[in-house]
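A.B. asks: Sequence:
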Amino acid sequence: MQLGIYSYPDLTTLFSIAGFYTGCFVMESLLQSTLECFYNQTCIDELRSYLVSNTSLTVNALDSSLPSRFFENSTIQKLVDELMVEQWNLSIKFESYYSACQPIKCTYSYTAKHNIIYILTTVFGLIGGMVTILKLVIRLLIKIVSRNKRLCIATTVCSSIFVTNAWINYIDGRSSNDILTVDDFRWTGPNTFRALSGFCELINKTISENLIRFYSTQYVSATITSTQLFQSKTQYFFKQFISSTTQDLLLSLQVIRDTTQANSLWSVAGNNTNQLTIGLWQKATNSYQNFNLFPSIPPSTNPFDLRVQRISTRSFILCLLLSTITIVIYISSVKVTHTININVPTIKKYSELYSTYSETLTCPCTTISIDYKAFLHVKHTFHQICISIYVSDNWRQILSLSSLNNAFYFRDFRASCKFFFQALSTFCELTNKTISDSLTRFYSTQYISAAVVSSDLLYLQMQSIFEQFISLITNELLLSLQMIQNTTQANALFSARWTNYDLRMSFSPRLPGMQLVAPVPQVYSNCRCDVSLSCIEQSAIYDTVDTTTKLFSIPGIYSGCFVMESLLQSTLECFYNQTCIEQLSSYFLSNTSLAVKTLDSSLPSRFFENSTIQELVDKLMVEQWNLSTTFESYYSACQPIKCTYSYIKKHDVIYMITTMFGLVGGLMTILKLVVPRFVKIFAYLFLKR
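For reference, each letter of the sequence shown is one residue, going 4 to 692 in our numbering.
Among these hints, one or two may not hold up.
Claimed, not checked - The calculated label-pair distances, taken between Cβ atoms and stated as ranges, are:
#1 SER94 / ASN118: 42 to 48 Å
#2 TYR446 / ALA521: 50 to 56 Å
#3 PHE18 / SER99: 49 to 55 Å
#4 GLN471 / PHE74: 32 to 38 Å
Said to hold, decoys possible - Simulated crosslink set (DSS-like; lysine-lysine; CA at most 27 Å straight-line):
#5 LYS653 / LYS108
#6 LYS338 / LYS652
#7 LYS645 / LYS108
#8 LYS622 / LYS382
Derived by calculation from the structure, the hints in this document are not laboratory data.
Given the structure is predicted, the values throughout are model-derived calculations rather than measurements.
All C-beta atoms, glycine included, are put in the ideal place defined by N, C-alpha and C.
With the sequences and hints as input, model every part of the structure.
C.D. replies: Written out as structure tokens, the structure reads:
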């Protein structure tokens with residue numbers, strides 16, 4: 004009904020407070036009330052005149068101009084349903100998260116076209132390799148073609164038996180057993196035929212090499228020429244080829260003569276026995292001095308040109324050697340990242356990869372959201388009091404029957420014992436139901452996993468999540484109990500056991516002749532129940548005749564304003580003591596043969612014997628949580644279709660060899676173009692200077 008201010012004694016309504024109601028309980032009537040009066044300054048001033056008339060306190064109305072998601076006539080229940088919150092402001096600081104994460108390494112990849120440096124080095128490498136290969140292949144093909152088609156016809160001598168190794172060996176064998184003079188042809192004959200064979204081989208080699216260069220030249224023609232003109236030009240070019248080949252042969256012979264004369268070679272035929280023999284080192288030196296990679300076409304006999312060509316050759320070899328060493332050192336020292344993809348990896352394969360490449364391994368999940376029930380299972384063990392006889396219906400029934408025909412003093416434990424054990428059983432059932440319902444909700448929630456996490460990390464995450472879950476349901480339970488306690492206190496609820504208030508008859512000073520029932524608060528250890536619900540005193544067994552006499556004070560058990568409040572402050576130490584149980588049972592179970600056992604103190608427990616029931620409830624009365632995480636089930640639910648990992652290592656030998664050959668081939672091509680020209684320019688500048 005509407006709450007108001009009344010006049011006495013006629014009970015006339017002086018002022019009806021807008022939006023405020025009174026009813027059976029203060030809490031219920033408050034939830035159905037509104038704040039309309041507190042938005043109206045007139046209402047506030049009038050209400051204030053009846054409540055605080057003797058004070059100068061200034062009370063201002065609530066500001067209706069402020070933005071709000073509630074109305075002025077919204078009930079308190081509506082505000083409580085929204086936690087009395089006007090607005091939620093969620094602030095996510097990525098910088099703080101990043102700082103807490105503390106990443107030690109970042110890896111990224113991108114797709115792009117090759118840059119100009121890579122293109123140039125690759126092209127030069129490929130060209131060098133192709134040039135090297137084509138030189139070998141074309142030379143071989145031309146030799147095969149020249150031999151098959153007999154483009155050059157050997158002389159009768161060069162194709163006869165007299166230049167074969169069989170004939171030379173035959174002649175040499177015939178004369179080896181005779182002592183002959185130097186001038187005897189039988190002694191010099193084998194060397195003569197060897198020289199003749201050498202001339203034939205030199206001629207064949209000179210013709211073959213010139214044929215290669217001849218075939219490598221291109222015929223340039225802006226327009227198609229006639230057959231006659233084409234044949235004429237071809238004959239002209241072939242005459243040039245023959246002339247060039249002849250000059251090369253004569254030049255080679257002249258070089259051989261000059262070398263032989265300059266080096267004073269000793270003839271094994273004995274024609275110049277007065278000259279000293281030349282060793283292998285001298286031969287190597289001569290070969291090095293005359294080695295030429297850049298001969299002119301046709302070959303030049305100019306000493307200056309030959310010297311420039313030999314210097315170019317040595318400069319080319321030196322630059323190539325230094326470049327090759329640099330390339331080898333660079334390639335062998337450079338580390339590269341190799342990225343490997345494994346399709347549809349099994350859990351065994353994933354474990355092997357993770358043990359080796361844990362830092363770079365990533366396996367995206369096909370199913371990102373996975374129910375916890377798919378891989379997580381929780382078991383719990385309650386405190387032994389919750390499975391003992393003390394919380395059973397049979398125990399409470401026996402206690403009720405033992406005190407059925409007796410009227411005990413209200414402070415006697417026998418008067419409230421069945422309610423004490425009923426409350427204890429209720430806490431066990433309440434925590435059990437809270438855990439079961441919360442686990443059902445927890446199993447239905449999902450774990451977000453974009454990629455497979457390791458078994459160790461999954462276990463740590465589940466452990467952390469489950470600890471948060473336990474903390475959450477514990478806080479919810481304790482919050483509910485706190486709300487009940489506060490509601491009971493605010494509503495001044497009267498206990499049917501008369502443990503918090505006593506009632507007495509009194510006369511109303513404002514209503515003459517009318518008797519009222521007035522509550523008188525109980526007092527426990529100098530604590531009044533109208534002030535605090537937590538007032539307690541030690542429970543005891545009292546004499547039925549003289550209620551002031553205590554027969555037995557029960558250790559650890561208390562009584563107070565309410566059974567629930569006194570139970571939460573009690574302990575179970577009496578139920579661990581056989582003597583205490585036997586003495587307590589003597590007052591209840593004198594007419595029954597029920598054997599009551601104590602709680603087992605030898606069982607492992609995280610609680611003490613003197614731990615309060617409140618401490619047990621704070622831990623949901625659970626002794627132990629067993630969290631079982633099945634990584635195989637999680638991996639199966641994740642369903643990764645591909646795993647990617649990378650590792651850094653130096654180049655292997657095969658890669659180093661192939662890369663070196665490619666780059667060296669390119670370097671050879673570049674150096675062949677650059678070095679001769681540079682040497683020639685330098686030589687001319689030096690000569691001019």
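A.B. asks: Please flag the earlier hints that this structure goes against, numbers listed from lowest up.
C.D. replies: The structure breaks none of the hints.
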